[in-house]
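Enquirer: Chain by chain, the residues run as shown.
There are 2 protein chains.
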Amino acid sequence: MNAAAMVKTSLDMVKNGLISKPQALLRINPEILEQLLHPQLAPNQSQHPLAQGLPASPGAASGKCVFDADMAVRLAKNGEQIILLRAETKPEDIHGFFAAQGILTSRGGKTSHAAVVARGMGKACVAGAEDIKIDVKARLAIVGDIHIKEGDLITIDGSNGNIYLGKLETVAAVFSNELKTLLKWADEIAHLKVYANVDTPETARLALSYGAKGIGLCRTERMFNAAERLPLVVEMILANDQAQRETALAKLFPIQRDDFLELFIAMSPYPVTVRLLDPPMHEFLPDQQQLLEEIEALKHYLTMVKGQRVTLETLGPHSDLPSPFNRLNEDAISEAIAKKKMMLKKVLELYEVNPMLGHRGVRLGMSYPEIYSMQIRSILEAAALCIKQKITVTPEIMVPQVITAQELKQVKQMVEQIRLEVEGQYRIKLNFKFGTMVETVRACTRADHLAEIAEFFSFGTNDLTQATFSFSREDAENKFLPLYEESGLLEDNPFETLDIQGVGKLMEMAVGLGREKRPDLKIGICGEHGGHPLSIQFCQSIGLDYVSCSAPRIPIARLAAAQAILLTDVTLC
Amino acid sequence: MNAAAMVKTSLDMVKNGLISKPQALLRINPEILEQLLHPQLAPNQSQHPLAQGLPASPGAASGKCVFDADMAVRLAKNGEQIILLRAETKPEDIHGFFAAQGILTSRGGKTSHAAVVARGMGKACVAGAEDIKIDVKARLAIVGDIHIKEGDLITIDGSNGNIYLGKLETVAAVFSNELKTLLKWADEIAHLKVYANVDTPETARLALSYGAKGIGLCRTERMFNAAERLPLVVEMILANDQAQRETALAKLFPIQRDDFLELFIAMSPYPVTVRLLDPPMHEFLPDQQQLLEEIEALKHYLTMVKGQRVTLETLGPHSDLPSPFNRLNEDAISEAIAKKKMMLKKVLELYEVNPMLGHRGVRLGMSYPEIYSMQIRSILEAAALCIKQKITVTPEIMVPQVITAQELKQVKQMVEQIRLEVEGQYRIKLNFKFGTMVETVRACTRADHLAEIAEFFSFGTNDLTQATFSFSREDAENKFLPLYEESGLLEDNPFETLDIQGVGKLMEMAVGLGREKRPDLKIGICGEHGGHPLSIQFCQSIGLDYVSCSAPRIPIARLAAAQAILLTDVTLC
Chain L
1 MNAAAMVKTS LDMVKNGLIS KPQALLRINP EILEQLLHPQ LAPNQSQHPL
51 AQGLPASPGA ASGKCVFDAD MAVRLAKNGE QIILLRAETK PEDIHGFFAA
101 QGILTSRGGK TSHAAVVARG MGKACVAGAE DIKIDVKARL AIVGDIHIKE
151 GDLITIDGSN GNIYLGKLET VAAVFSNELK TLLKWADEIA HLKVYANVDT
201 PETARLALSY GAKGIGLCRT ERMFNAAERL PLVVEMILAN DQAQRETALA
251 KLFPIQRDDF LELFIAMSPY PVTVRLLDPP MHEFLPDQQQ LLEEIEALKH
301 YLTMVKGQRV TLETLGPHSD LPSPFNRLNE DAISEAIAKK KMMLKKVLEL
351 YEVNPMLGHR GVRLGMSYPE IYSMQIRSIL EAAALCIKQK ITVTPEIMVP
401 QVITAQELKQ VKQMVEQIRL EVEGQYRIKL NFKFGTMVET VRACTRADHL
451 AEIAEFFSFG TNDLTQATFS FSREDAENKF LPLYEESGLL EDNPFETLDI
501 QGVGKLMEMA VGLGREKRPD LKIGICGEHG GHPLSIQFCQ SIGLDYVSCS
551 APRIPIARLA AAQAILLTDV TLC
Chain R
1 MNAAAMVKTS LDMVKNGLIS KPQALLRINP EILEQLLHPQ LAPNQSQHPL
51 AQGLPASPGA ASGKCVFDAD MAVRLAKNGE QIILLRAETK PEDIHGFFAA
101 QGILTSRGGK TSHAAVVARG MGKACVAGAE DIKIDVKARL AIVGDIHIKE
151 GDLITIDGSN GNIYLGKLET VAAVFSNELK TLLKWADEIA HLKVYANVDT
201 PETARLALSY GAKGIGLCRT ERMFNAAERL PLVVEMILAN DQAQRETALA
251 KLFPIQRDDF LELFIAMSPY PVTVRLLDPP MHEFLPDQQQ LLEEIEALKH
301 YLTMVKGQRV TLETLGPHSD LPSPFNRLNE DAISEAIAKK KMMLKKVLEL
351 YEVNPMLGHR GVRLGMSYPE IYSMQIRSIL EAAALCIKQK ITVTPEIMVP
401 QVITAQELKQ VKQMVEQIRL EVEGQYRIKL NFKFGTMVET VRACTRADHL
451 AEIAEFFSFG TNDLTQATFS FSREDAENKF LPLYEESGLL EDNPFETLDI
501 QGVGKLMEMA VGLGREKRPD LKIGICGEHG GHPLSIQFCQ SIGLDYVSCS
551 APRIPIARLA AAQAILLTDV TLC
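Residue numbers (the working numbering), protein chains in the order written: chain L, 1 to 573; chain R, 1 to 573.
The shape of chain L in the complex, shown without the other chains (with noise of 0.2 Å):
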């Protein structure tokens, strides 16, 4: 039976009195709820697959095929269907998956940034595709003898991986009423909140269309990240001294500040927790490969510009160069090559071995007391601006990577000092929440402490489950984890099935030790596993207040969520 035929039949069968509600809400598996919240093939269809990938975020997509998220922006605007096409992605083409109704990459895992950008998104995403070779300067993607151009029409399934020629039908997304229905049932009996990761008011209001109860986790990096900012980021990064910085920081003040305006406006009067800025520095920077190649390339049209009168087109594309370079002024290309060149040595000044174990989270905030100043002050002065316009605002500010209460105690300091200055600018009182990640093992070990200052803990148990196995997750699942669980090493990939053994044993000691000293302390996890049926069982077993998934994993949380007290309390049934 199909998902939505199940849930149709556990519908009548309460209404014509054969089961309970509880019986109705176990009867469902909740990752198939996932079919009905994504666009699916339509059935009988017999084309062949022309390619497969890594599914890498569910549903289905047509669109005509597109080199670059600039181009995709273009023909979205007239109304086109697109299926992004890259080798892989990365943060400065973000502005091409929401132009996109899909996307598909040649290289990359089930973590790269395609697919964790698109299933956040919850767009389709094939990744990894490696028979197929996209070479952008030719528009052209290769598969065999078969050429596929700019705006030919193709397929992609993100559920299973398969890439098809042409325009296959697809059947839409209904979250139907009686969905509906039956997780308002599975909300009256769950005690864990279902909420949002989510950074865009678009995805905010995606999210509370699917039931979400506020936004868990708020990455302040995604807004960073956008195409008109990134500059001014870099320019940030770029610094010599705090005032250099400072100033590169009051142009993003008032954008970050509206980022969250909009956000806490569409969320209202839900929780807002926001995460402030965690990647390490050089993740806004071009990798010095790339870098190296720029340099060349526009040391190479500055000789042929010197020598000879050149027109736009024999220069080919170059759409990657900087605008100034347009207007083809020697002047213009030497200052864009001084400038790469000082990228250059900023990226190689920031090189990290172990980028996982860096200079990033809280120890960001720590050397750049500016940075989380500049984010603390845009999130209560859009609070701020939110209370004038007599909208409920409840956000919670959040601290990454936290080790010790000592980095708590500072960033609280520059809180509490920013709360005054705003309160007294604005003439109204400010309600928030101050809370930690407890994403590493030392925070767990540490949990008393921490919660003698954060008034809320958010697990974020990607990051703890790489520390407690020491994996790196993309090298781990590249190189050795198929091993692992091929051979019986590990019943499961940690990264999706909660590891209750190892990670779990140190969450039961952070939130004992944590409501030891703070009873009331709200405890949730943002990670991943958030969204996952038998995580939420353990979250629940732990007596966590919230799970925070991707937008389009909620219905799939609230039903879990009630089957994790189902499962326990037998009464119920």
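In short, the hints are calculated from the structure, not lab data. Glycine included, each C-beta is placed from N, C-alpha and C at the ideal position. Don't take each hint at face value.
What the hints assert, rightly or not - If you anchor each label on the Cβ, the simulated ranges turn out as follows:
1. R:K341 <-> L:R74: 53 to 61 Å
2. R:D131 <-> L:A338: 22 to 30 Å
3. L:E486 <-> R:S176: 42 to 50 Å
4. L:K184 <-> R:Q242: 40 to 48 Å
5. L:L292 <-> R:D187: 57 to 65 Å
6. R:A5 <-> L:M342: 51 to 59 Å
7. L:F175 <-> R:N240: 49 to 57 Å
8. L:E349 <-> R:T392: 50 to 58 Å
9. L:I146 <-> R:D258: 53 to 61 Å
The hints should help you fit chain R onto chain L, whose structure is shown.
Expert: Just chain R, lined up with the frame of chain L:
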């Protein structure tokens, strides 16, 4: 009072009945013994240092500047005193360390390859002296306008990082009879045994002379790195399948067996704990950049050779080029290029985003069981050869990076099968222990399950600290750890002083769980903390059996082990 005087007066006071032996032991700060165990600059020399680097391994040394390891070996054979100067050192420079009195680098910190290896050998090292520009091709070190040529005399002081022109007078290290007496008293009181982290017979003999009661960590990768073996290791890594890999391993086998044989004989009758291969395979290959440059250079030479007759002289120094090249044979050069290209392909294949958390330790043993199999057979055959010669041996086989009992079970099965074969072949009974490193967080949470299989635990607190803090040591110490210490966010550098509140808590958990399952479980520590007095005190308090540290720290650890008892049991004083 200097260390020698302090030791002497303590002994005199005991002799004269003024204080008790325990009081004598408590009078002396173990750290000051370092002065006695390394050569020092003679006092009252007024020369100003030419430059300064980081004090990376204590002791003073003078000698002729030499810019590569081969040259160091050549001059050392003529009885010259050598200081090896490199921008940074790599595993393939190891023979240069043996040949030199001291090592000086212009890049890298206290945990750089140069620093760690020099400390292990007890050689003086100044690292990261950034004011010195080292030009290997020109055989020059340049500081400002001073040019130091190969063969010029310099002096380095690894205790404070100073670098001097010329030969300064030094005072030799003296492991005096007074100190030996004092440490004999210490051993009578201490519960903790002191083992050494060593991997060569020479350092094993040094460790014994300092009073080591066993080897707590023999790193087999050090044996892989010796210049004449590295090509065999590379052949093993480049193998395309298991058969090819086994062919390469068969060549390594007798070498590794003889290594263990020598070490066992040197340490008899004490235990020798051998860690199976730990580092990721790419550590044995040159890096991408280096290979690209070498390929370019070879191509260039090939063009030259094809175009005209050239003599060796026109090519300049090329000691890093493969030996066939020296014959200037086109085919040989082409072959060398092809081999380098294969290596480059492998390097790219093995690339990891976070190597610290990557394909290493027992994960290698699971992916390539033939490597561990070869190592286990080497250990057991070496033990069998000792038994045949009536030499008492007690090898202990140790598995690194374990996260689950399943991994240990698989390695144990290999060990048991090889044991049967070796016992049959040599007609003897082997006597050895099988155990595990406890260096991942998950090993601590699953210690009861590990103790079902492991007969001993050895805490790898370097890696455990990295995982607990989510700190990559290299990145942390270069980027944010200085700020954390200065501003009081952390009281100490957790890589120097064991973090009792985080790492210590996990260790206590592991000791408790492990002994619950196996009361006679032998437990030790072989991370760098094993040689630090405060950490030794903690190890005593949680009931460890031994601490293992680099040879030159053994006297310090012996005194600290006695103080750990005296400080908690005042009735002894």
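Enquirer: If a hint holds in the structure, say so; if it does not, say that too.
Expert: Verification of the hints:
1. R:K341 <-> L:R74: 53 to 61 Å: violated, 41 Å
2. R:D131 <-> L:A338: 22 to 30 Å: Cβ of D131 of chain R to Cβ of A338 of chain L: about 27 Å, so the range 22 to 30 Å holds.
3. L:E486 <-> R:S176: 42 to 50 Å: violated, 60 Å
4. L:K184 <-> R:Q242: 40 to 48 Å: violated, 58 Å
5. L:L292 <-> R:D187: 57 to 65 Å: Once the Cβ atoms are compared, 59 Å apart, the range 57 to 65 Å for D187 of chain R and L292 of chain L holds.
6. R:A5 <-> L:M342: 51 to 59 Å: Holds - the Cβ-Cβ distance for A5 of chain R and M342 of chain L, about 56 Å, lies within 51 to 59 Å.
7. L:F175 <-> R:N240: 49 to 57 Å: About 52 Å separates the Cβ atoms of F175 of chain L and N240 of chain R, which means 49 to 57 Å holds.
8. L:E349 <-> R:T392: 50 to 58 Å: holds, 55 Å
9. L:I146 <-> R:D258: 53 to 61 Å: Check passed, 58 Å falls within 53 to 61 Å.
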